[in-house]
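J.: Here are the chains, one letter per residue:
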Amino acid sequence: MKKLFQHGLAVGLVLLFAGFSYGQKTVTGTIYDGETNESLIGANVLVKGTDAGTITDIDGTFSVDVPAGANTLVISYTGYQDQEVDVTGTSSVTVMLDKGQLLDEIVVVGYGSQSEKEITSAVVKVDAEDFNQGNITDPAQLLQGKVAGLQVYNRGGDPNGNSTIRLRGLSTVGSNAEPLVVIDGIIGASLDNVDPNDIESINVLKDGSAAAIYGSRGSSGVIIVTTKSGGKDEEIQLTYNGQLSTSSPVNSVQNMTAAEFVAAGGTDLGSSTDWLDEVTRAGLSHIHSLSASGGIGNSSFRVSTNFRNVDGILTNSGFDQFNTRVNLSTKAFNDKLSIDFNSSFTNRDQQNGFVEALRYAVLYNPTAPVFGDQSPFPFNSEQFGGYFETLGLFDSFNPVAIANLNRNDGQRREFNYGATLGYRLMDALTVNFRFARQETDYANQIYYPTTSNFNGGATSPTRKGLAEFYQQDLTFNLYEYYATYLADVGNSSLTLTGGYSYQEDTFRDNFFSLGDFPNNEYDFSGIVEASQDLQEAGFIGANSNVSPDSKIIAFFGRANLVVDNAIFLSAALRREGSTRLGTNNKWGLFPSLSAGVDLANYLGMSNVDLFKVRLGYGVTGSLPPLPGLSQPQRQIVNAPDGAVSTELTRAANDSLKWESKAEINFGIDYAAGRFSASLDLYNRDISDFILNRAVDAAIFGFNRRWENAGKLNTKGIELALNYDVVNNSNFTYNTGVVLSTYKTILEEYVVPAETRGNLGAPGQNGTNMILVEEGEEIGRIWGPVFESVDAEGSPVFRDVNGDGMLVTAQDKALDPEVDFEVLGNGTPDLEFGWTNQLSFGKWSVNAFIRGAFGHSLVNTFRAFYEPRVSTQSSYNYIDTPKGEEGLTTARFSSLYVEKADFVKIDNLTISRGIDFGAGGIDGAVVSLTLQNPLVITGYTGTDPEPSLVDSGAADNGGRGFVNTQDVLSPGIERRNSYFASRSVTLGLNLKF
Amino acid sequence: MNKFSKILFAFAMISLASACTDLEEDLVGDITTEISLDGIDTGGGSGGGGALTGAYAELRNAGTANHFGYYSVQELTTDEMCIAAKGGDWFDGGILIELHQHTYGPTHAMLNNTWVQQYNAITTVNEALAGNLDANQEAQARALRAYFYYRLLDLYGSVKLVTTPGSDAPQSSRTDVFNFVETELLAALGISEVSASMDLTNSPLGTDNNPYQINQFGALGILSKLYLNSEVYTGTPRWGEAAAAASYIIDSGVYQLCGDGCAVSNLGKRPGVDTDPDMLEGYPAVFGPNNDNNPEHIFVVNFDEVSGGGMNFSQMNLHYSSQFTWNLQSQPWNGYASLEEFYNSYEDSDVRKGANFIVGEQLDFGGSAILDYASDDGNLVLNYTPNINELQPNSLREAGARPGKFSFKQLGRNDMSNDYPIVRLGEVYLIRGEAMARMAGDWNMALDDVNVIRERAKVAPFSSVTADSFLEERGREMFQESARRTDLIRFGAYNGTWWEKPASEPFRNIFPIPDEQIQASGGTLSQNPGY
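The listed protein sequences derive, respectively, from chains A and B.
First residue of the first sequence? That's 1 in my numbering, and the numbers climb one at a time after it.
First residue of the second sequence? That's 1001 in my numbering, and the numbers climb one at a time after it.
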């Protein structure tokens, strides 16, 4: 059918062209597949610089009239690379076309791979050469801005912080909103154990039809990482990568200098201190990677070692990391048996530092001295290790003392290994067995000496000094079998895959803390037996947890059908169960169906390489975030006489089930010559959120239990464009843009409306800034509208509903009478990434520009410290152009909600290749990378990047939510923010 | 192998795996069912012991003496106390001002928390009752549950009476809740009604004087409070029964008012401050950090700084720098303060004035003045002034006399060890006096009982009593004991005006049912009138 269609078109086109030809020179020729030597039917032949052209006939031959002056033919064929042929002085040519790289790239899709052309769902592949460059410590940052619809935000520049990753917005409310990571086939592997230098490519499965094969953990998308490996019969090659980088803070909060502060009526303590300057530094980092790869006969290997020493811009923050990875593969028994082995080991010693030093540097009195001996009044500085402290003031600690006296160290060791055995039972049938294990140990020690006013109890007679110890062990085991069967029937091919997966993880942790140490002569974290707390019961904090074996068991199958090499169908089904679900709902079913058609073939669009239209539907799930949530939980209650009893702290729910996401994706892939584009439209419905929901305390005995409730809908559009603007041997310029936009509506929720995201102390507890309401968008910032300042310095709010009555109390936030309105939205309307790659000779330049529009942020520093509150004259004031003259009362309002649109040059790299004639060096590249050199934004806080999760308020040395982050409260910049940094990196790449 | 058998082999491998589909979750690291262990009596008195340990522990968890629950809503809504907004500090979205000015609504977070605290407590008692209890333990548990329902009756009026863990119950009218509390307490006492001639010899409750458990006198004390407020709760006065229950306790002679000679050492004394007494004697001894087994205690909550946390007055009331007066473990929060008018209602000679409040310039452990380097009143010395300049927005940081009746000890921890009375003899005298006066329609009938209290406080006896002077006296005596809201309502004064509190409407006398609870109940709870 397809061939007939093509032939008809070919004949028609030949006739058409024949009509116009007047013939000055006729060139004939034959076009072959460069590998198989088979002739190619229907290849395009175009005379360069003219309209003249033809296509090849059934024998792959053509005849074309070449006008005078023209002497180059351009040969193109879908799936092959274009080729130019010089026909000066000849009238007969033979052309061998090479397979195109663009269109026949192999894409890993989970339990197998497909040629890119056959993909019927929204899958994007990013290769190493397209990754972000520079001082990148977190593999997710390699992808920032590169994939339409993938949000990677690492607010601030904390070297020990992880990026927040979101695919197509919020995909789950009560569960893990981060995508599932699959590394070299191992589901649920940790990105922390992959060095960015070892990554070959990353595939992102964006829609439900692609992710359904991963079932109950596929809702937040799937990121498939393929690490580099050696090639068969390849000479051994050594590669060295080295980077030296320095970073400095940018966009720090605009507070007052000592002189400004005194002029504004602040309490003058006589000194002048730039606290931000005192606790930040130029962070110096160096990174070295060495790898060897090659192959001998049927075996190949790659071994790499990576070392990173990274210093953050905050004093005493950074890490040392050693990572090594070994990938081996071999084949035996006439290539019937294949064995792939991967392992990696990471040891990381991190100085977490105290981000609170930055927070208090912003608000600490700028006239206060660093050291107590410069105090304007009698002050016993010995008690505080020589540092000054403003005593008697809530939430105020000397930032330099925080950063210098205390220690917050972590050690993480991660060891992964896995093997995949494949056996080809017959040509069409392969069976695979995979085993993988991942072990992670994390230890954290925090030590506050007896002289630390911040959490160290320097003013306390009984509790001076505190040591905290935390230890965590995680193991993960994976066993999978699957079989792949290939069948060719006429002009169709069918691939069947089916298998079984068993995943098991366990968790164990323990914590203890004690203090009251004799003095500050020693670091007593290593000598806790000196603690007076051991003598006084009740001051020792201890806690331990052992998780049950969390298991996921799945059966899965998939069928891929290719008809005519132009119609592609895929259907998958996964039946999966988890121990984390209620006894009545252990098992779930996750189907998907998708189809694609390459219309370029059918419509015979001669200048179009690909015009694929695809449609997919798939259901995926999300599991409860922790084990045991369907079961009751009780806590120990002690009594003064030593008696022990328990009380309920979680009511049971036997019906707890997975969160479900159903998604339809429609996409178009288009490629013609130097231009390619990809468009995706999707609609996703998420239901049965897993929520810790308020229940009738009278019935359940406790007012909360985990239930399924709620519906969310997201609709979005993603567009990726790529164009080779200039492409010749001396100069190339390629530019690409990815754009995405989406809207998320909360359709059903446990209550018609609620507010979340408490602003916090001092004085602004009970001030929930985010409105969550049925039928409305997620992330709406809600509060009174600032109008003016009254004579007493209090804010005057707008009578929004014009009823003559001003209702602005925070606990009336949901009252129909309330004079609040939507002040902004925490999620951006439009995000884009713009890549520019230029090369000329040995030079190349890579400029990456990124932006987001339409989102707002609550600038909490301003909300607390910008009004000139008389009773707060011992805190520094924030001073931005957005402040209001004469305002002396701190109340949350529209005044502190700022548009945070931004465009930034994220990454600018200039590199040059250097030839070495000798010395055993095959090639060298030196590069210079600027990260974050320019940010254009009107936002006055530390970083305009969207804040997609909220870690909650924290005050007076307390911590926010450490483990839980609220996904329903985007749009708040908290005071515990690590400041963003700008860095310059010098890189050297050597190949031997 | 032929093709067919190979395919068969592949699928056999897969089906082999399918044998392993067990998804049972064994929570090895969590407690999912009740466990309890008897403690060892270390001389500090038993906390209830055995099967009722968890049930009695709920008294500490149910907001009895900390911030954001029962104590807060009972105190901050009255003329005893407020939390003023100090610039940016302690505004908290206005909920503290709302409590004091009676503009609270169904979304008030503290009112929701208070509700949840009481039902959590009731569940624990219900679970204990579902287990194996002897007759005495069962009677104690029923009386304890009745006490928590008494709180709900007083706070919210119309609530669900759940008596079996996990089961639902319809919302009962306030009268039905009253009747339930009465019936349960009578059943625990083994009598059908309270009267002057009642016979408690067959009561399953004992008469042992262990104030951490409910005995006959404790149950009668709760009953007397219930009857005293019966007119408010049901419209029908029950003065006679209130007086009879109170008289039975007083006449038993088991308990004595703590007056002269009733003393304990002063654990708050600073070595460098000579004016600090060595001993706490009389009224202050009833509430001090070492008030265990005070002769006035009938039923008290057993707080302990180590194993019985939940009393945080030092944190809640004191200015940050007062840490150095008592060498407290942590810096306090500078929240609760008394109203000037209330403070001034005490005569200077009243021992309760010195015992109940902390005012004036503050000295540290060594006797030196305490400095507040972030002072906002132009004077670095920390000085608590009875006057509070304003409720909001810029109350001075040092304004307001600080509640100190449950006095602080040196080197105090965040949790305090003072036992907190639910029924004590001093209040029983006031209940009897008031009930007799109201029954007779003559306030002078309360004269004898009121003067017992005044005598202990070292103030001249009243020669006559009025409703107003009785309410004032009750306020002075019962300060910081979560009684004031209930008292003001009973005396018709709750809706009146004081200081920055405007008049409020009568529907405010019952708190709104929290919105979160109405939503969670799926329509089985309806809102109180007016909200």
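In case anyone wonders, no lab produced these hints; they're calculated from the structure.
Note that the coordinates shown come from a computational prediction; the quantities given were computed from them, not determined experimentally.
By construction, the Cβ of each residue, glycine as well, lies at the ideal position given by its N, Cα and C atoms.
Errors might be hidden in some of the hints.
[To be verified] Listing some non-contacts, in silico: residues in chain B with all C-beta distances to chain A over 12 Å:
no., residue
1, Thr1053
2, Ile1097
3, Asn1136
4, Ser1167
5, Gly1441
6, Ala1483
[Said to hold, decoys possible] Covered stretches of chain B, going by a simulated chain A footprint (3 or more residues, C-beta under 8 Å):
no., region
7, 1075-1083
8, 1102-1112
9, 1182-1191
10, 1245-1252
[Stated by the list, open to error] What follows is a list of derived Cβ distance ranges for each label pair:
no., chain 1, residue 1, chain 2, residue 2, range
11, A, Phe415, B, Ser1265, 32 to 42 Å
12, A, Glu504, B, Gln1527, 25 to 35 Å
13, B, Glu1361, A, Gly270, 52 to 62 Å
J.: Now, for every hint given, state plainly whether the structure supports it.
T.: Structure-based check of all given hints:
no. : hint                             : result
1   : Thr1053                          : violated, 4 Å
2   : Ile1097                          : violated, 8 Å
3   : Asn1136                          : holds, 17 Å
4   : Ser1167                          : violated, 7 Å
5   : Gly1441                          : holds, 40 Å
6   : Ala1483                          : holds, 25 Å
7   : 1075-1083                        : violated (count 0)
8   : 1102-1112                        : holds (count 6)
9   : 1182-1191                        : violated (count 0)
10  : 1245-1252                        : violated (count 0)
11  : A/Phe415 x B/Ser1265: 32 to 42 Å : violated, 60 Å
12  : A/Glu504 x B/Gln1527: 25 to 35 Å : violated, 49 Å
13  : B/Glu1361 x A/Gly270: 52 to 62 Å : violated, 25 Å
Going down the numbered hints, you'll see the structure goes against 1, 2, 4, 7, 9, 10, 11, 12, 13, while the others check out.
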